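Residue numbers (my numbering), protein chains in the order written: chain A, 2 to 538; chain B, 35 to 375.
The set of hints was computed from the structure by calculation and includes no laboratory data.
On a predicted model such as this, the values are computed, not experimentally measured, just so you know.
No residue lacks a Cβ here, since even glycine has one placed at the ideal position from N, Cα and C.
Treat each hint with caution, since some may be false.
Label-pair restraints from in silico Cβ distances [said to hold, decoys possible]:
| hint | chain 1 | residue 1 | chain 2 | residue 2 | range |
| --- | --- | --- | --- | --- | --- |
| 1 | A | L256 | B | Y188 | 49 to 55 Å |
| 2 | B | G222 | A | W140 | 35 to 41 Å |
| 3 | B | K114 | A | S325 | 55 to 61 Å |
| 4 | A | L26 | B | K114 | 23 to 29 Å |
| 5 | A | L26 | B | N232 | 51 to 57 Å |
| 6 | A | A74 | B | P141 | 53 to 59 Å |
| 7 | A | G312 | B | G347 | 56 to 62 Å |
| 8 | B | N232 | A | L62 | 34 to 40 Å |
| 9 | A | W140 | B | L336 | 46 to 52 Å |
| 10 | A | A69 | B | R334 | 55 to 61 Å |
| 11 | B | E318 | A | G301 | 35 to 41 Å |
| 12 | A | L26 | B | P79 | 39 to 45 Å |
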Amino acid sequence: MDSCRRIITNPENSLTGAGCFLYLLLILAPLVVLLLQSTDAGWELFAQTAFPRGRQMGLLLNSLCLSAVVAIAGTFLATTTALWLYTRPQRLAGMIKWLFLLMLLVPSYIHTMAWGTAFHTMNMIFLAHNVPIPDLGGWTACGWVEIMHLLPVGVGLVLLGLSSLDSRCVEAGMIWQPPCLVWRKIVIPMLYPVMSLSAALLFLLTFIDYSIPSLFQVSTYALEIFAEFSYSNDPGRVIATAVPLLLVSGLVLVLNQNTIRQAVMQPGRKHAESSGLLIWPRKIKWMQGLAVTILLLQMGVPVAVIIGQIGEVQVFLASVMSSSQEIWLSLKVAALTALFSIIPALAVATRILQRPERGSWLIGLSTMPLALPASLTGIGLIALLNHPFADVVYSSVIMMVLAPLIRFMPLAVLILTAFLARINPHYFEAASVLQRKPGQAFTKVLIPLALPGMIAAGVLVFAFTAGELGATLMVAPPGMATLTMKIYNYLHYGATGTVASLCLAMLIFTAVLILLAMVMVNKFFHRTISFQEGAER
Amino acid sequence: MKLSMHKVLAVLIIGSLMVIGGCTKEETAQTVVVYTSVDQVFAEPVLKDFEKQSGIKVQAVYDVEAAKTTGLVNRLIAEKSNPRADVFWNGEFVQTILLKEEGVLTPFTSPSLQELPRNCQDPEGYWAGAGGRARVILVNTQLLEPDDLPDSIYDLLDDQYPAEKIGIAYPLFGTTATHAAALYALLGPEQGREYFANLQARGVQVVDGNSVVRDMVADGRLIMGLTDTDDAVGALEKGAPVQIIFPDQDSMGTLVIPYTVGMVAGGPNPEAAQSLVDYLLSAEVEKAMIASGFNQVPVRSLDIETEYLDASGIKRLDIDFASIYGELKTIQEELREIFVR
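The task is simple: from the sequences and hints, build the whole structure.
Below, the structure written as structure tokens:
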């Protein structure tokens, strides 16, 4: 991190400063404009609405409980799954890992549809055989589906942490102690920061979600925000209603700031050495079976339901052909959002590492959009750009890029911060000495070495953008619609075959793009590893 | 050729600009922009027919039920100072009246208004409606005997039917909110509140939307539920073992909700907007909407047969739409207290 600071000489400081300014402008400008335009009732009403009481407090507690359960159980399952993947042969693990992360693209309603059907069937079977079990619906189903939907996020983060595992500690531990003690006293403590980060992220993403809980008739605070919007049509009141959400999200980030900073700023290690040393203790070998089961369920159940709903190849082909415009637009919007998220996110990540003592507040501020309801982001953009001088932007695809950009750039910040911290600082030191012009070390050393992280961040933003609905619906220019908008329309109509076909199409097209990204990451990563190994010999 | 970082970056930037440039609005001879909450499956063919007949290009923005009425209505209000839409085509009427109150709409005239009943038109000329969907009880015929079929919305409170096997959509959004407001307007706020409080106290299932009610009744997870005729007919079309019941035919009648059309004040294409409004309110479109399955109850005399449902001669809830709108805020506030907890 000191090297990162040294390499950023004055011209680069201006660049990263400008990038940070652009980032904060993008995420804060719509919100500020909304606040300025909000209700005439003033701050008294704002204060009244912002602090929940009675029924609203009950809803907030519902959300907190659900999010806590998902965070804890989800992190446990994610850690188990990630450890199992980590201890597989690298090539096999690599393929499964990317296939698994691809499941991020499966929309939440597909998980809901799949697991709703599965639970209903199980309930009927148990009832038919007079097996006394609690009804698998409501809170249980809601929590499970949230975990299944967000599991790839947790697994990805823990895998990132495993890449930082110090093989020398593991090796030394394995010589003197049995595997279970090594896991308890070395591996898990070293993984604790990423597990904490995973729990925090799973908590936040569950906390702001209303779609899955509402489909299982579970009332959460996020639904209250929509009810308020529908009731008052007043963005000011909606922001006020969202304040508890923002406060809780901020509190989660503040309470976890040390562990988050440790998680994202751990230096990288070589994968091959640690993975071979990790032996599963006999007492917890059953967890390997759990990991495989979870992987199979998480991938298999939604895919099986999708294929089952499609039925015939003709249905798939007809659906895809009739939606070619939406598919192409969705891929374009997702790709552009991923591309444009990288530079500002990289600037913020660089600043976080430049000034670790200020990193916490910058992490908190830069991740605030994660807590805002999606449609509010859209309303904010309308308030900001629905003016004659911004016509060119307002009636173009740029609006459809800006909305998910604001929502998902924070994810890119977290990923990039983690990757930048893993780069060997010696290269920066050498480059800063040897560069002929200011900025060369930044463009010729830092950027290429950060490229795997930039691609990983881009892939994550791409995946989330592809499934985004709430904000896009507010800003999509007339005549333009994403695949997600079409899918939700057909879902309401009941055309499950068409919906399943379009979901499968989205998975296939995105899988191809992610495969290309995987090839690039592996190519650059191995080149980086070889280069590092060569330099260190 | 060795690719430098600068060249890669330049290619990406130029490529992005070309992609963005290709996605900007094209200038055409005549265009009309319509925001519609009518399901895309039903609305799109109608709008394409209009394009063919008139030569005016239609640019549509479709709403989604998942946005729970926070979508297009709030977008129209947010865009009021610089309107982008010309026409608002709504699947019901309450949000249209809301937009009139918010100053988003402008009055208009149309030849079709002479054919439409008075209660399907705004007295001040800001909106008009045609076609109708009825609020019905959908029952699963494999789980209920013919003699046990309900015939009133009050049967949802009857202990004869297990509460956990009855479903309604959240009465805070969409046509279920409209239905709740209608009951408040007809019965009075106290009786209206009591009805829904009793539903909640019984433990009736409150689900995410009318289509969810439909699906749950169709696959037997519910024995019956309140939904709209378009959703109910959809289940019949798929061969589900269901039956549609028009409730309260011997008493207050069944609520019929027309689709409504309004012209956006200050819209960019007023002439094209007038053409589209005339078209959407025409008998031709009302017939098409009934034939496609979105509507089932004509508001004017039409020579049309429907395959799955004969709604001719049903007794309709006799109530002024403005008074239903007047109860909207009340029901949203009170029912939020009852159902969102």
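Against the structure, the hints:
1. L256/A x Y188/B: 49 to 55 Å: 51 Å, holds
2. G222/B x W140/A: 35 to 41 Å: 36 Å, holds
3. K114/B x S325/A: 55 to 61 Å: 35 Å, violated
4. L26/A x K114/B: 23 to 29 Å: Holds: the Cβ-Cβ distance is about 25 Å, inside 23 to 29 Å.
5. L26/A x N232/B: 51 to 57 Å: Roughly 52 Å apart at Cβ, these two residues keep to the hinted range, so it holds.
6. A74/A x P141/B: 53 to 59 Å: At 57 Å between Cβs, range holds.
7. G312/A x G347/B: 56 to 62 Å: 39 Å Cβ-Cβ, so the 56 to 62 Å window is violated.
8. N232/B x L62/A: 34 to 40 Å: 26 Å, violated
9. W140/A x L336/B: 46 to 52 Å: 48 Å, holds
10. A69/A x R334/B: 55 to 61 Å: 57 Å, holds
11. E318/B x G301/A: 35 to 41 Å: 49 Å, violated
12. L26/A x P79/B: 39 to 45 Å: 43 Å, holds
In this structure, the hints that do not hold are numbers 3, 7, 8, 11, in rising order.
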